[in-house]
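Enquirer: Single-letter residue listing:
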Amino acid sequence: MAKVFIDDIEYEVPDGKNMLEVCLSLGFDLTYFCWHPALHSIGACRQCGVINYKDENDKRGRITMACMLPASNGTRISIEAKAAHDFRAGNIESLMLNHPHDCPVCDEGGECHLQDMTLMSGHNYRRYRFKKRTHTNQYLGPFLNHEMNRCIQCYRCVRFYKDYAGGKDLDVFAAHDDIYFGRSEDGVLENEFSGNLVEVCPTGVFTDKTLKQHYTRKWDLTSAPSVCHGCSLGCNILASQRYGTIRRILTRYNGDVNGYFLCDRGRFGYEYTNSKKRIIKALKRVSGTYQPIENGNAFEEVKALMGEGKKVIGIGSPRASLESNFLLKELVGENNFYGGISNTEGNLIKQVIDILKKGKVKTPSLAEAKGYDAVFIVGEDVTNTAPMLALSLRQAAKNKPNEEAFAIRIPLWNDVAIREIVQERTGPFFIATVHHTKLDEISSGSFYGHPDNIARLGHAVAQKINNNLPSVPDADRESASLSSSIAEALLAAKKPLIVSGTSLFSKNVIEAAANVAYALKEQGKDVGLIYTVPEANSVGMTLLSENFVDDAIARVEKERADVLLILENDLYQRIGKKDSEAILKRCNQVVAFENLENETTNSCDYLFPAGTFAESTGTIVNNEGRAQRFYQVHIPRNEVRSSWKWLDILRQDLQTAEAKDFDAIVDELIQKNPELQKIKETAPTADFRIGTQKIPRSPHRFSGRTSMIANINVSEPKPPVDNDSPMSFTMEGYHGIQPSPDTAFYWSPAWNSVQAINKYQIEVGGPLHDGNPGKRLFEPDENRQAKYFNDIPSSFHPSNDELLVLPLYHIYGSEELTALSHAVKERIPQAYIALNENEARRKGLNAEGGKVEFYYQDKKWELSLKIDNSLPDGIAGLPKGLNETSGIGYPFRTKINS
Amino acid sequence: MLSSIRTVWLVFLHMFKKRVTIEYPEKKAYLAPRWRGRIVLTRDPDHNERCVACYLCAAVCPTDCISLQATEDENGRRKPEYFRINFSRCIFCGLCEDACPTYSIQLVPDFEMGEYKRQDLVYEKEDLLIDGQGKYHGYNFYRVAGVAVGVKGKGEGENESAPVDRKKLVP
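Chains as they are written, first to last, in the working numbering: chain X, 1 to 898; chain A, 899 to 1069.
Please keep in mind that the hints were generated in silico from the structure rather than gathered at the bench. Take these hints with a grain of salt, some might be off.
Restricting the straight-line Cα-Cα distance to at most 30 Å, the calculated cross-link-like pairs of lysine-lysine (DSSO-like) are [unchecked claim]: (1) A:K1023 / X:K718; (2) X:K843 / X:K577; (3) A:K1015 / X:K209; (4) X:K718 / A:K1050; (5) A:K1050 / X:K212; (6) A:K1065 / X:K162; (7) A:K1050 / X:K209; (8) X:K132 / A:K1015; (9) A:K1066 / X:K131; (10) X:K284 / X:K310; (11) A:K1050 / X:K162; (12) A:K1023 / X:K168; (13) X:K162 / A:K1066; (14) X:K168 / X:K212; (15) X:K718 / X:K660; (16) X:K168 / X:K131; (17) X:K212 / A:K1052; (18) X:K787 / X:K357.
Okay, the calculated bits of chain X under chain A, using three or more residues with CB under 8 Å as the criterion [as the list claims (entries may be wrong)]: (19) 177 to 187; (20) 221 to 233; (21) 343 to 357.
Predicted model only: the values in this text are computed from it and were never measured. The beta carbon of each residue, even a glycine, is placed where N, CA and C say it ideally should be.
Just need the whole structure built from these sequences, with the hints factored in.
Expert: Below is the structure:
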């Protein structure tokens, strides 16, 4: 701890901080632009000027930038001194010389850091009478809008985009007051994290293009704390709506998970919730077409179908909440419930859960992953399967070289000095995947091979760490030397991190990664082991499932079922056409609870409109076993509601057709599944109040209440009541610091922008006021004996006539729902089949783009050829989950023809 | 007695004074130009809608009786998709006019808005938008704003210099 004096008052502050962080943590309002809690200080904008005094006798002092002043013992500053105040006001006046007269048409207006800081500094009148400098704008793709005139040259965008996220195509051009931030020429910003520029930019240079389509000011948005359903990481988001449609997604700060950032799939993939294809009322199929049906009648008819002695089976969903899956299981009975994924995938996830539960190696959170100093990725294209993990790993790669800077006593926050020493160097970072992945650009060694060969490399590394393990038979020289250097680097590191996942559908890969981690643990290393899984609630659903879809197919093939209940699951997408038809045809009646029309809903008898994350409340479990609560953003003016509500009504006496409230369902769930006990603690119960107040979903400045539906009826209806959470759907409620899982927006007096997050944290950049939301369900136990997996696969030999087809992932397109959003759709690649040049030539194919035919499940598929020379011989890659390739189960073997 | 006669006399004298009561509606009262009555949306000198859908009027409205949705034309010029004022809630305080950065929303000297049904007091954009510039002439927000949106080229606004060449490094 260090003692510092701010305006002659003494404060105890933690060591190793700078004065700006300290002032903000202590609650002072000090202006700043270039500093960002995740990007640290560069002292470029000169906005956080304070007076620094030598000692208590120094009455004059000197102006210093607080962000570059270490908070060491005895530091003495003044924020309030007139000279400091005038300096900051004068500085912002200069920064604003060329700022356009745009606020009314600027999407940042009302949540603009520049507006906030201008008011805070005291500058209010433009004295400069000369012309304003202008810039032309660029087209930056479907996600971001560029308005360069508004720039105040703080450099945050390039520091985030290039230094933090590893982007290559955004840079700074020109000189002096002409400085320009953009691309060398118009074009799509390529980085997967470009959307964060919306929040990183202190003003409106980069704004959300999807929000622009249906623009609403921050103060008019009704938001709910939610969890991204785009991949398995469970990043925290704030989803906002106005007039019944979702308008945008912002990062919800969670110091344990995603921190300040989000990936573009998560941020811009929300538009499917507003799709015209949404199912908005209960439907019944009458002679081939769907007809609306009264809810009550639908319940009664479905109930009659499911009556005594009927054979009913239910298929759950990895994108539905724990509560919905649980209620389906309750409704159909334990033995009739099947997890909505293939057995291959289900068993892999089971294996991952088993390792999480029984292993002794810690699974770090997304934020903790940034703290590791050596990384070994075993068979996972992280950038595309779990994008935010790739961002964390990029930070981890900086730790080793950063140590050099720490050794000469440069603190972490001094970003320029650290960059100067580190330059482009990265720490030990090894990748073993099927083909070239984006993280290869920072890797110190990459290996491309068949999943079995990746597993063999993993086993070889484990063996070199722990010599007692069986050695890998017939290892070739190349991978032997690579495995030695990986083992050496991991052993030399303080905190090695092993990353793997289910994306290659290979049990061997998962086991090999666990072996490496176990071996390192035995060497006394503080090792981390992260597995990624396919979907948002893959882990949660699998925890509730004993059997999966293939078991269901086997069952209905033996004996027809009377009723099949499908929960938020497009079977065609997940298990393919053949299997879907197999199961749908063997069930007399099919009832689906679904968000959007899809191939599966085309062959159902009853459809119930289920809420997406925007209209449902629930709990999901991410890849590290962290249970997190998401809340519904609004009650739509149609019949859409959480699936668990439909299911709860269905299992009750129809006379009292009213769903139980959420807490009752959670209580029932944990009573039947004691291992999920902690999901109750993920958020306050619905009867929680602050004093007597609920927690508002809208800010106090919310407008238009007596007018927004006056065209329908001039008498305002009573606002809807939320019985499932302690939150209100309006602005009424407690406007101070709310419980962290229930914070719907960030606002603090004088802080209208997202930078108000500072006020919600105990210490800037640290945990939120009552702890980061989410509860981990499994913790490692140091005392457990790690059981090694001894099943070393044999090396893959390409066959002459057949190719093995493996999935290749794409951040835009491989996820079913986000791929339906307009902006994301523009970024989805053309479907292709990838081969290396050798293999293509051998099959008589040479031109990239040429048509390739192959058979899968007796059906002919035709795709264009893409040459990817990093793919090993004998292996073809197909983009997973695109329209053209959905429903394919990997891996499979096929012959291809030109 | 005397007092009663005096009263009758005074009343008699009033017959020859100028009348204070105006025979509304046959005759109209004088209303000052800045009188706060019915709200209108005005147009700029180029005859385009002045409203840029910035939501400030809605935010400042103490009775929350203004609601709108922003949209953009093909040039990115922002305007309201719909603009609704519920006059059955409006208190004619004029804060919306104060807040308006483009002189679009203005209160005009007209109060003759009586309706039998409350529902008829809900005015949409078509009802609010007038053809002229209202009380403030000559102002076009997009001429002074930094965005181009089809009104002008970049750097052609008032008090703007031509766009810089970003590939130039001359000091």
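Enquirer: Compare the structure with the hints numbered earlier in the document and write down the numbers of the violated ones, lowest to highest.
Expert: 3, 4, 8, 11, 12, 16, 20, 21
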